[in-house]
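*Asks:* These protein sequence lines are chains A and B, in that order.
My numbering applies: residue 1 is where the first sequence begins, and numbers increase by one.
My numbering applies: residue 1 is where the second sequence begins, and numbers increase by one.
No wet-lab data here; the hints were simulated from the structure.
The reader is advised that the hints may include incorrect statements.
Some chain B residues near chain A, calculated using beta-carbon distances under 7 Å [claimed, not checked]:
1. 39
2. 48
3. 52
4. 53
5. 56
6. 66
7. 77
8. 127
9. 128
10. 217
11. 218
12. 224
13. 225
14. 227
15. 256
The list that follows gives simulated cross-link-like pairs (lysine-lysine, DSSO-like), each with its CA atoms no further than 27 Å apart [what the hints assert, rightly or not]:
16. A:148 to B:93
17. B:300 to A:264
18. B:60 to A:240
19. A:75 to B:300
20. A:69 to B:300
21. A:62 to A:251
22. A:251 to A:109
23. B:8 to A:128
24. A:69 to B:63
25. A:240 to A:98
26. B:300 to A:148
27. A:62 to A:218
28. B:93 to B:8
29. A:114 to A:221
30. A:221 to A:75
31. B:60 to A:75
32. A:114 to A:225
33. A:128 to A:264
34. A:128 to A:114
35. B:93 to A:128
36. A:221 to A:98
37. A:75 to B:8
38. A:221 to A:109
Glycine included, C-beta positions come from ideal geometry on N, C-alpha and C.
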Amino acid sequence: MRAGEIFHPGLLRIRADDRIQALFEFWNMKNLKLSAVFLWLAALAVMPVAQAADIVGVITLKGTPPAEKEITPLKEDANCGAMYPTTPTTHFYVVGAKGELADVVVSLKGVAGKSTGASAPPVVLDQKGCLYSPQILAIQTGQKLVVKNSDSCVHNVHATPTVPGNPESNQVQMSGGADLEYTFPQPEMFLRFKCDVHPWMFAWVSVMDSPYFCISDKDGKFVIKNVPPGKYTVSAAHRKLGAQTQDVEVKDADVTANFTFEVK
Amino acid sequence: MNAETPIKTNPWLCGFAVLTAFATFLLLGLGGLVTSHEAGMSVPDWPTSYGYNMFALPIKFWKGGAFFEHTHRLLASAVGLMTTLLAAWLWRKDSRPWMRWLGVAAFLGVVAQGVLGGLRVTLHMDALGIFHGTIAQLFFALTCALALFTSRFWAGLVANPPRLRVPSSLRTLVLATTLVILGQLILGATMRHQHAGLAIPDFPLAYGSWWPETGADAVAGYNAQRVEINGENPITAFQIELQMAHRGLALVIFILVAACAGLAWRRLGGKDSLTKLALGWLALILAQVALGASTIWFNKAADVATAHVLVGALALTAGALWCIMAFRRSEPSRATQALGAFGAQPALAANK
């Protein structure tokens with residue numbers, strides 16, 4: 001939407017100056033029927049309009065996940081290790097005190113072909129401290145993914161998709177080098193980015209065919225915003241724990257869909 | 001087979017052939033480290049390195065995975081040069097036609113292997129890595145064979161073959177065992193180039209049983225419990241079955257090589273060079289089993305996994321050389337006649 005435009009709840013777009021001019025014209029009309037105009041406006045105001053709603057929920061992990069491992073090769077690396085006072089660990093299971101599970105990719109199934117990726121702002125994936133940040137992220141098909149190198153050392157950015165149509169690529173990125181840009185035409189869950197110079201560096205990018213997705217935060221919470229009314233299947237996918245689904249119906253109000261994963 | 005006049009050997013040529021074989025062995029180890037460190041794609045371009053001439057890459061870039069990949073490329077170039085020189089030397093100085101062509105085969109082999117390694121990088125094809133790894137082992141066996149054929153030992157074998165001939169049953173068994181080892185190496189290369197880490201994390205059991213469950217739920221459970229520093233791909237049922245096949249074949253190879261050694265001892269006697277080689281072969285297999293187990297127990301530590309690759313190459317080469325020598329002093333047969341070309345040139349013409 002451009003500046004200077006008014007977005008009507010009834011999905012009518014009228015430029016502000018055009019509206020004022022129209023009102024004067026109405027006022028000057030000889031056979032103006034004010035009552036009819038006001039009736040029309042009143043009817044527009046009370047007209048039932050289909051409202052988008054949010055799908056919200058909390059993801060919980062039941063059971064004790066395997067212990068994360070110390071990334072000792074990182075600590076032992078002359079360039080990378082100096083940036084850490086202690087040895088960093090892997091982050092496969094980001095779990096809160098009450099089992100709140102982060103880094104779960106939540107999306108709507110069966111809404112293919114709705115991608116707005118071409119016009120969506122780019123998503124940034126950074127290489128910082130010889131780790132990818134964030135490690136779990138999601139974009140739309142056609143949306144630009146910008147990969148930065150904030151480190152003082154060289155990395156190679158190696159995208160390893162498995163879905164046909166998404167091209168594999170491997171590019172070197174010097175310290176302070178130009179950002180690298182990626183787009184993927186096909187939906188794919190957990191498309192892996194890796195650095196082979198530092199083989200502990202990974203990021204998993206989920207590519208969606210619609211704008212209706214999000215990633216659970218450290219409290220396990222997620223919100224898929226502005227979902228049009230309808231029946232949907234919500235999918236929650238964790239890189240290690242697989243995927244779960246839940247059917248929901250979106251009407252006027254927000255819908256809740258909680259998920260519980262279990263590690264055995 | 002009749003004894004022939006001794007071949008006049010050239011110790012410099014033999015020494016250079018041995019040096020080439022040794023350099024190839026080091027290259028094999030460095031290649032093993034590249035895969036063990038998951039560093040095969042750390043230098044995305046080829047034949048340049050990070051856009052530089054390969055031989056002029058500033059040393060500041062020789063870090064992390066790039067160190068292994070780049071030094072592998074440099075050593076491969078050296079082995080390529082050495083093989084080219086060896087082939088040229090053989091072509092000019094060795095009058096045995098089959099030997100000259102074997103040198104040409106080695107030259108073509110090293111070129112093909114280099115191109116294959118480069119294409120594996122530029123085409124992003126893991127499958128090419130399997131071929132690259134397997135051909136590397138075969139090429140090492142070839143360089144060792146070249147060293148053998150240029151040696152005084154081989155000349156002695158041609159001139160004065162031991163009276164005791166190798167029974168066809170024994171050489172067939174050794175040949176079959178060597179081929180089974182080659183199959184095992186292909187399996188191993190396939191496992192390594194899945195880039196999935198350890199498909200089974202325990203040994204001698206597999207996920208706590210003698211044969212692991214490979215249903216979808218079981219595999220999902222295995223993946224949920226795997227925490228790999230190298231963030232490997234999730235494992236699949238196929239990869240678990242592949243490792244089980246590798247374990248099973250290892251047992252078969254151990255039995256076969258033990259049978260070869262036992263048969264050689266019984267038929268050729270304990271002092272025969274082939275019996276000694278067969279016993280050494282058995283020792284290699286025992287070491288290989290221990291290294292295979294250690295690869296799992298040490299969570300696929302790069303040095304242990306690479307040692308496993310190297311001993312595998314030695315086991316293949318030991319079998320191949322045993323076969324060559326056994327056919328050279330085998331009982332008369334059609335196979336012998338077919339392979340009689342080994343060293344069957346008139347003595348004085350053998351080396352100029």
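*Asks:* Of the hints stated earlier, which fail here?
*Replies:* 2, 3, 4, 5, 7, 8, 9, 10, 11, 15, 16, 18, 21, 23, 26, 30, 33, 34, 35 and 37
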